[in-house]
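Colleague: Counting with numbering that gives the first Met the number 0, you get residues 0 to 58 for the letters of the sequence shown.
Just so you know, these hints were derived from the structure itself, not from any lab. Think of the CB as a built atom: it goes at the ideal place given N, C-alpha and C, for glycine as much as any other residue. Treat the hints with caution; some may be incorrect.
Stated by the list, open to error - Pairwise CB distance ranges, derived in the manner of DEER restraints:
#1 Val28 / Glu2: 32 to 40 Å
#2 Ile49 / Val26: 16 to 24 Å
#3 Leu17 / Asn57: 13 to 21 Å
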Amino acid sequence: MDEDLLQSIIILCVLSALTIFGIITVVIVSGKLLDTSALNSYYAMLFGLIYIIIIIKNL
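When you get a sec, could you build the whole thing from the sequences and use the hints?
Modeller: As structure tokens, then:
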């Protein structure tokens, strides 16, 4: 498989994951008052996902 194609697929996966997390966050925020701890845990999960993908890409 071509390296550039693989990288494009990984970037696409990351962007779609970011979009899904963004939608979930908006739903939570509009559904409740702004709960900072809930948002922080979602962003922590999000950054964890990005770090995992970066690590896998560098293997």
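Colleague: Against which earlier hints does the structure fall short, listed by number upward?
Modeller: When the structure is compared with the hints, none of them turns out to be violated.
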